[in-house]
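Novice: This is what each chain is made of:
There are 2 protein chains.
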Amino acid sequence: MARKKIAYLGPPGTFTEEATIKYDEKAQLLPFMSISAVVSAVETGIAEEGVVPIENSLEGSVTETLDLLIHDSGLLIRRELVLPIEHHLLTKPDVEAPQVNIIFSHPQALGQCRRFLERCFPKAQAVAALSTAAAVEQMMSSATPAAAIGTQRAATLHGARILARDIQDRSPNVTRFAVLAAQDHPPTNRDKTSVCFSFNDDHPGLLCAVLEEFARQSINLAKIESRPSKEGLGRYVFLVDLEGHREERMVGQVLDRARGKTSMFKILGSYPRHEERA
Amino acid sequence: MARKKIAYLGPPGTFTEEATIKYDEKAQLLPFMSISAVVSAVETGIAEEGVVPIENSLEGSVTETLDLLIHDSGLLIRRELVLPIEHHLLTKPDVEAPQVNIIFSHPQALGQCRRFLERCFPKAQAVAALSTAAAVEQMMSSATPAAAIGTQRAATLHGARILARDIQDRSPNVTRFAVLAAQDHPPTNRDKTSVCFSFNDDHPGLLCAVLEEFARQSINLAKIESRPSKEGLGRYVFLVDLEGHREERMVGQVLDRARGKTSMFKILGSYPRHEERA
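Listed in order, the protein sequences are those of chains C and R.
Start counting at 1 in the first sequence, then tack on 559, and there's your number in the working numbering.
Start counting at 1 in the second sequence, then tack on 559, and there's your number in the working numbering.
Do not rely on the hints blindly, as some may be mistaken.
[Stated by the list, open to error] Calculated pairs, BS3-like style, for lysine-lysine (alpha carbon to alpha carbon, straight line, at most 30 angstroms):
1) R:LYS782 - C:LYS820
2) R:LYS820 - C:LYS820
3) C:LYS782 - R:LYS782
4) R:LYS581 - R:LYS782
No lab work stands behind these hints: they were computed from the structure.
Predicted model only: the values in this text are computed from it and were never measured.
Please model the complete structure; the sequences and the hints are all you need to start from.
Specialist: Below is the structure:
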């Protein structure tokens with residue numbers, strides 16, 4: 560049987576690859592260099608599923624993913640993946656901490672580990688890299704003793720040693736990824752549904768009227784966010800995640816009633832809820 | 560008379576500096592290297608105001624600004640500044656386009672200009688920098704003919720030439736900055752108020768009950784966003800921007816009633832609305 564093909568936002572060694580491997584370690588993974596390329600790969604059949612960051616990621620702009628889902632793509636969210644962002648300090652196997660005088664990483668990763676770096680490597684020079692994966696490559700080929708902030712996976716890929724674990728200043732810091740596909744997920748009884756909608760005018764009661772439809776059936780909201788619409792100044796698109804699957808009868812009816820109160824309403828997909836470990 | 564001192568997220572040549580100069584060109588600007596350092600500078604009196612990115616910025620994590628405002632700081636939002644993100648391609652004055660074979664910038668700026676770069680500089684190598692400002696410095700001191708993606712201000716600061724203007728793939732792309740101070744802004748009749756609140760349980764009607772208080776008085780929402788609370792899994796903090804000033808009698812009464820329906824309620828500040836140019 561052919562292995563499932565999954566497109567993801569590359570290159571190898573990034574958090575998106577780590578999330579994709581954790582999701583399906585048997586699949587054939589295809590790295591693409593932009594979020595829109597991942598979406599195109601799934602739309603055209605190069606891959607069956609595509610993994611892109613949707614919240615709080617170093618690697619891609621979340622705005623880009625959301626705009627594609629809202630405006631440009633017919634793909635649905637089939638799964639959500641949640642990965643804790645754990646930054647590690649990697650070196651070549653023979654380099655010790657006192658020797659390190661350059662630290663490579665993506666500027667945001669450097670920012671997220673600022674306090675650790677100031678405390679433990681006050682004299683090391685920070686050097687920017689295009690991704691945490693590229694940082695590890697640069698560190699491994701550096702002539703001067705260096706370190707890189709990167710992932711566990713990048714350490715494995717490049718034969719680096721993990722000198723210090725979990726060095727980010729604040730935790731827990733998570734990134735959320737969406738698995739996109741032509742179909743969303745069948746009901747599992749513990750599901751979530753993402754929708755977006757907007758209104759033709761900005762009367763303040765309109766959003767309330769939609770949220771009341773959910774409240775009346777005790778449907779919990781897991782997330783709500785307003786985003787400027789592309790169509791004009793002062794117009795908004797609302798993104799809402801609610802508990803339940805669109806194929807559950809009661810949820811489907813509520814979604815229909817909500818749709819009737821909006822000028823644009825799009826279901827972005829129903830999929831199993833990520834179970835947080837308490 | 561002493562000039563007003565404004566702390567901002569540096570270094571010079573970034574979008575935050577550009578927004579700060581546009582806001583008050585006569586002030587003495589003090590660059591600080593992290594968002595929390597800007598906040599501390601204002602809290603301790605080093606500066607009277609501090610400018611930090613609050614939405615969609617290359618330079619700082621918005622999460623960091625919001626977390627500081629919600630949890631850690633008593634500072635208020637005194638103004639909002641909105642700056643269109645305009646990426647320009649800068650070179651040394653004597654370098655022409657066909658010579659360019661390295662392009663420096665912050666990885667996100669490189670990502671936002673990907674299509675332009677693929678079309679016009681398909682063979683140039685992208686090199687990461689810690690900020691768009693640092694990219695321009697690296698370009699100016701590069702031995703090989705190079706270009707950098709940076710701001711108008713960085714071009715002026717470093718004596719670079721603007722070879723191509725407005726090269727980002729999507730526009731309009733704006734960044735929003737907050738001016739933080741001990742006091743928010745007196746009423747101007749065209750104001751906005753930012754609040755955050757949360758609930759002790761996640762009954763779906765609770766958010767609705769708060770939003771209804773606003774709707775009942777026809778108070779427009781300019782933004783709504785839920786963010787995971789730091790206090791526990793499954794708990795949320797809601798961030799809402801509403802039209803009006805907290806010192807207007809009707810707005811103040813509605814805020815009080817809303818406060819009564821929440822377990823945590825914090826006013827982040829009232830300030831003049833940014834006027835969008837249509």
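Novice: Would the pair R:LYS820 and C:LYS820 pass a check requiring their Cα atoms to be no farther apart than 30 angstroms?
Specialist: holds (26 angstroms)
Novice: Is the straight-line distance between the alpha-carbon of R:LYS581 and that of R:LYS782 30 angstroms or less?
Specialist: Cα-Cα ~24 angstroms, so holds.
Novice: Starting from R:LYS782, check that the Cα of C:LYS820 is at most 30 angstroms away, please.
Specialist: Judged against 30 angstroms, a Cα distance of about 19 angstroms means the pair holds.
Novice: Between C:LYS782 and R:LYS782, does the CA-CA distance stay at or below 30 angstroms?
Specialist: holds (14 angstroms)
Of the hints listed earlier, there is not a single one the structure fails to meet.
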